[in-house]
Amino acid sequence: MINTDNKAVDGGMEMPTKEAAKILKESGYKISNSEVDAFVSLKDINKIYPNGVQAVYDFNIDISKNDFIVLVGPSGCGKSTTLRMIAGLEDITSGYLYIDKVLSNYTSSKDRDISMVFQNYALYPQMTVFDNIAFPLRARKFRRPMEANVSKAYNQAVDVIEHRKEELTEARQNAKDKALNFGTAVEYVATKLKICDGAAKILCKAKTTDVESIRRIAKIKIEEEKAKLTSKGYSIDKEYRLTKNGEIQYHYVKMSNEEIRSRVFEAAEILDLGPYLDRRPKELSGGQMQRVALGRAIVRNAKLFLMDEPLSNLDAKLRVQMRSEIVRIHEQIGATTIYVTHDQTEAMTMATKIVVMSKGWVQQIGTPGEIYRNPKNIFVATFIGSPAMNIFDAEYDNGRLVFNNGYEIPLPDETISRHNSYYEAKIKDLKRMLSTPDFKKMHALKLLDKHLFGGEKAFDVSSISDDLDEILGITADIECASDVKSAVELIRAESRTDRKALLKLREPLLTFEKIPSSDIGTLHNAQVFSKEEIVVDNTLYYHKPKKKKKNTKLNINLNSTDIEFVNNLYEVANGLLAKCESALVGRHPIRVGVRPEDIVLNSEFEGNKTEKFVTTANIVELLGSELLVHSEFAGSDIIAKISTNVLIKPHTDVELAFNKDKLLIFDESCGDRI
Amino acid sequence: MARNKITLEQYIGFRKKKEFGEKRKINVGKIVSFTFLLLFCIVWLSPFIIMFFGSLRGYSDTMLYPKELFYPHSGYTLENYEMLLLGKLPEGIGQVNTVQDYKIGTWFMNSCFSAIGGTLLYLLVASMAAYAFTFIDFKYRNVLFAIIVASMVIPGAATSVGNQSMVYSMGLNRSLLALIIPGLGGVYGMYLIKTFFESIPKDLIESAKMDGYSNFKIFYKIVLPLGKTVLFVQGLFGFMGGWNDLIWPQMLYGAKDTDLWTLQVGMAYIINNSKTSNLIGSALAGGVICLLPVLVMYIIAQDKIIEGMSSSGIKG
Amino acid sequence: MKKTVVLEEYAKQRSKRIGALKKYGITALFLLPYLIAFIVFFVLPLFYGIYISLTNFQYGKPGVETFNSFLWFKMIFDKSVMPGVFNSFWLSFTHTLIFSVIMVPIAIILPLSLAILVNQKPPAFKLFRALIYMPSIVPLTAAGTIFTLLFMSKSQHGVLAEFFGIDIQWFIDNWFSFDLFGQEIEIAYAWIPIFFMCLWGGWGGNFIILSAGLQNVPKHLYEAADIDGCSPMRKIMNVTVPGIKPQLVLCLFTTILGYLGLYGQNYVLSSGGPSIAAIASMPAGGKTSTIMYFIQDIVANNLTFKSSLYGLGAAASLVYALFAGVISGIQMYLTREKKTGTKISEAYNKWHEIR
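Protein chains in written order, with the numbering used here: chain S, 1 to 674; chain U, 1 to 316; chain V, 1 to 355.
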């Protein structure tokens, strides 16, 4: 167990290894970083599974006290992995995790002072609700001041007999009454008179209420204890705590029954679990189990709360109810919370800060409002908000947006210049990327793999000679040039060659490892967001996540050089570069996003709007204060949210327009917002 | 050529992981348990090997070179099997009267009849009853089922003596049918089949009824196909139970009814003889013959058997 | 006057009648085969067995028996009636009990520890699981041949005698003896082969059930326990053991019942022998006899006993069944659903009031 008495040392100092070991030992292996001032801080956290699948890339976030952070994203985006890394259930591959300013990468979960609510509640089936909630209190020892128990008990007992005799008789009477079934009589008396269990025991055992006799016994016992303690060098202060040289002494002890009782009861009070305390988990409904799981989490007053999709097993109505319950509890106890969900509604309603993730990447971090208004890319834009944002394919032509039905929107100068500078920056970045050695190697690989995985077993050297030349040219100025050269020479030494020789050439090329994660991120998004349809989670009904496919076994030996790649980042970067370059000169495809509430009725809306257009309302859904109008525009379905002032009938024409200030434009190839 | 393909990102991740120096964790527990299990299995399976090689060892080798267990002195021989199956005595053994009583072929067939026939018949009868208890609503259904289930507390020994006389009174004591029929009233299999049938959604049966299916059609078109796994597992256990049963056939047929003996009864007799006349090789050969059907079945349906066993433990 | 009906009502009544008939017909078709078998071969034999145990019934000659005023039960419970039977029955009973007491813990702990090992998921753990279960499917007689070969005496070239030079007449010699309630009980070496045969193939089912139970303990409970700050020992006590408790109870009781019914092993290996001189002419008068052996000796293996003591067999089987039934009863009691109390919530209410 980590010695919490010691202060953490600053980990930023430089020192010889031997000394470092000594300092670490003295500090109880607690290291802090003076630069970290957030309560919880994740710095460049990466998680790579043994088969190379990277679940989390460069996760960075600072969380301050009392925050309610929601990690949100579709399944498989790495949000749960991140949470489990914070919890210590999963190893961190690289990066730094600070909890309460202490480096916690390798501390075990029980020493991180966290509590967690699991998706399937993880209640101990054999225990009652009370025992379940009390479990974290019983499982560990707590730091408590050392106390002179005997003196405390006797003094309290004497005090009660002297001053509150009526109360005592009443309490004892009640405790005897079998109807008042309060565990044991001692516990009842203790709670009733607000004294410690020891004092209550004395009072219940004492046959007489004769003050003098009890006082006499008390005096002897107290003296006895005092003598014993003073011989050990302790002295007792007013609150019966032991002190040594004027300092209060602490020790680690099991929590006393009275404290457990009152803590569990308090938690039960907060969560309304009083009537269920005797039940076992299988006798509870989903919502009740959820509350018990919450109770187990809050009872310990942990520094940090982690919740892993806690509501996903509840039905829709209960989920809404529990949502506000959790928010209420968070406000009541104010613990810092990290909450994982794939429901954007939960994220929007509960969070003080949302982290949107996709495929291991943090796409955006911000408050719900920020994320809703200023999504960073097309993924965030479509993932957040219900109904989802309308996305149109359009073309950008010299400052105008041209939809495929001929409808045009001229863009303000500001947007045009932003557009140009975005692409200029992008081109510059891609060029830098392509000039790095790793990308050159990938380029060479591309040329080589064309032959290697073409299906042939042997090659005429003359037929691949051109490509070999090119490979030599590309790799001329990087560190593995000589290796490449010797391999090429080996191939050229004979007129025909086989796969083995080509694989040999592959060896020096397969050595990239210095690619910054951010570059991979850019290219990754370019691959994912451009072509694939973005699946928007149904926000009302959870799909039960299938069994997690962790560590899918590869029959492939990653150490060998004979691995075929399905994609080549060089190609992706090259394609992206070409697209960006063409974007600066002429017409190019682009995506336009409009939130449903920003499609307005032409007659109603007075603000800055685009030219009106007429469509047929196919379906009209009444949502109380608003209407959802489904119709078609420029070849794609659109949903408009319109206030109910105007009645729109299905299958009639409506005149609509876009709110010009709220139009969002996304790059077609990598989904970034321009 | 089917080749595993991975994304380049994955490869980069793998390289990075290597660079971070995070090697695959060597799990000490796994290594320890592997070694121990390996040793354990070697020790525990050696009797099989001893039995198999012992059965291939000739009579004279057994007597003269008992230490050459796996490589008999004069080579492998089938004389033990010949003795059992054909009644042919090996040279030098002298006259052994009991060998003439060995009717291992008949016993084998009797066992097959008992195990296979009994199992199939029981499956049919029990699954029909389970169907009635699950899907047909009749008066006192639950009471009747509760009584039947409660009778599981009564051990088989309580009824066996009564059954023996019952079968005698019915005139079945000289018939192979007596091996099969008394087992039809077994509760445990029926109970398990019923538990499985309960997990079939009632809607399925009801919609079939709406479509005009009769109960029989529902039974063999819907319920039996859905329950085929549980029936299969039940069948496997039934077969093994029937094949390995010793007590009931012994109670049924006396020492003279050798034509009615099952393989188990016969084998017990053979072992008893072999202990006194150094014919252990023939007993081992008999053991191999006796084991073979169950072993083959186990090897084929090993996963199903283990699965069935586990789920019976989980459901309790 | 002719009786009249409203046609509609008549039609309704008729279809109701026919519907009911049809339904009961179908029920009967599905249920009767099983029900008849159940009644004829379970319920009736039960009572028939009781009847036999109360009369001087002779096997093969039903109909001439008369009530014999509990003679068979008196034989079992009263030494003075027929000391030989009394001794051999209770000796068999003691053998069975002692052997169970030795065997049952082994048949739980050994498979449990193997299940824990297999649950570590070492390479090829599925193969190991299949192999470990394999001895349990082996027919008793087939296993009996092997263990006969292993434990044959030196003169008969048994494997143990040949390879390890152990010169013991396993199925004849006495091992040791001790005093139980003033009666000397002799333990034969023959128990050792029986013990090894049970050790080899007597617990495969337990192993499979326990390893399935271990696998079924939810993983997230271990994670929750980690976060709650549990030590490894606490994790075992609070997560693993409660997680496999149903399986443990099941295995425990099936094993107990299994060893109480021990018969095949001692029949095949030692034929209940070596016999005890004093009661050699009694049923199961051997040093490795068991309860089941006693019953089986009377009703199946020995024609003399079968004709003269048949009712005693029935009575003994009833006594045994009662004993086994009590044990299953205990099992049912242990696995019953526990009722939920109200103690803590009442305490909570009080606490709430006091505040």
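These aren't lab readings, by the way, just hints derived from the structure by calculation. Since the structure is predicted, the reported quantities are computational estimates derived from the model, not experimental observations. A few of these clues could be false.
25 Å max Cα-Cα, derived DSS-like pairs, lysine-lysine [said to hold, decoys possible]:
1. K209(U) x K22(V)
2. K446(S) x K18(U)
3. K282(S) x K126(V)
4. K282(S) x K121(V)
5. K339(V) x K282(S)
6. K165(S) x K23(V)
7. K350(V) x K194(S)
8. K219(S) x K238(S)
9. K154(V) x K256(U)
10. K209(U) x K121(V)
11. K121(V) x K217(U)
12. K339(V) x K304(U)
13. K121(V) x K304(U)
14. K343(V) x K254(S)
15. K338(V) x K282(S)
16. K217(U) x K23(V)
17. K201(S) x K350(V)
18. K110(S) x K219(V)
19. K205(S) x K350(V)
20. K205(S) x K343(V)
21. K202(U) x K339(V)
22. K485(S) x K504(S)
23. K141(S) x K235(V)
24. K254(S) x K126(V)
25. K126(V) x K228(U)
26. K202(U) x K22(V)
27. K209(U) x K245(V)
28. K303(S) x K235(V)
29. K350(V) x K30(U)
30. K235(V) x K30(U)
31. K43(S) x K18(U)
32. K139(U) x K12(V)
Short derived list, chain S residues pointing at chain V, Cβ under 8 Å [as the list claims (entries may be wrong)]:
33. K192
34. A206
35. A657
Estimated spans, in silico, between C-beta atoms of each pair [to be verified]:
36. K22(V) x S175(U): 32 to 38 Å
37. T243(S) x Q215(V): 39 to 45 Å
38. T195(U) x V5(V): 55 to 61 Å
39. Q215(V) x G117(U): 35 to 41 Å
40. G246(S) x Q215(V): 54 to 60 Å
Note that beta-carbon positions come from the ideal geometry of N, C-alpha and C, so glycine has one too.
We went through each hint and held it up to the structure:
no., hint, verdict
1, K209(U) x K22(V), "holds, 15 Å"
2, K446(S) x K18(U), "holds, 24 Å"
3, K282(S) x K126(V), "violated, 32 Å"
4, K282(S) x K121(V), "violated, 30 Å"
5, K339(V) x K282(S), "holds, 12 Å"
6, K165(S) x K23(V), "violated, 76 Å"
7, K350(V) x K194(S), "holds, 13 Å"
8, K219(S) x K238(S), "holds, 16 Å"
9, K154(V) x K256(U), "violated, 33 Å"
10, K209(U) x K121(V), "violated, 47 Å"
11, K121(V) x K217(U), "violated, 45 Å"
12, K339(V) x K304(U), "violated, 36 Å"
13, K121(V) x K304(U), "holds, 19 Å"
14, K343(V) x K254(S), "holds, 24 Å"
15, K338(V) x K282(S), "holds, 12 Å"
16, K217(U) x K23(V), "holds, 15 Å"
17, K201(S) x K350(V), "holds, 19 Å"
18, K110(S) x K219(V), "holds, 17 Å"
19, K205(S) x K350(V), "holds, 22 Å"
20, K205(S) x K343(V), "holds, 23 Å"
21, K202(U) x K339(V), "violated, 30 Å"
22, K485(S) x K504(S), "holds, 11 Å"
23, K141(S) x K235(V), "holds, 16 Å"
24, K254(S) x K126(V), "violated, 43 Å"
25, K126(V) x K228(U), "holds, 24 Å"
26, K202(U) x K22(V), "holds, 21 Å"
27, K209(U) x K245(V), "violated, 42 Å"
28, K303(S) x K235(V), "holds, 23 Å"
29, K350(V) x K30(U), "violated, 52 Å"
30, K235(V) x K30(U), "holds, 20 Å"
31, K43(S) x K18(U), "holds, 20 Å"
32, K139(U) x K12(V), "holds, 21 Å"
33, K192, "holds, 5 Å"
34, A206, "violated, 22 Å"
35, A657, "violated, 52 Å"
36, K22(V) x S175(U): 32 to 38 Å, "holds, 36 Å"
37, T243(S) x Q215(V): 39 to 45 Å, "violated, 53 Å"
38, T195(U) x V5(V): 55 to 61 Å, "violated, 47 Å"
39, Q215(V) x G117(U): 35 to 41 Å, "holds, 36 Å"
40, G246(S) x Q215(V): 54 to 60 Å, "holds, 57 Å"
Going down the numbered hints, you'll see the structure goes against 3, 4, 6, 9, 10, 11, 12, 21, 24, 27, 29, 34, 35, 37, 38, while the others check out.
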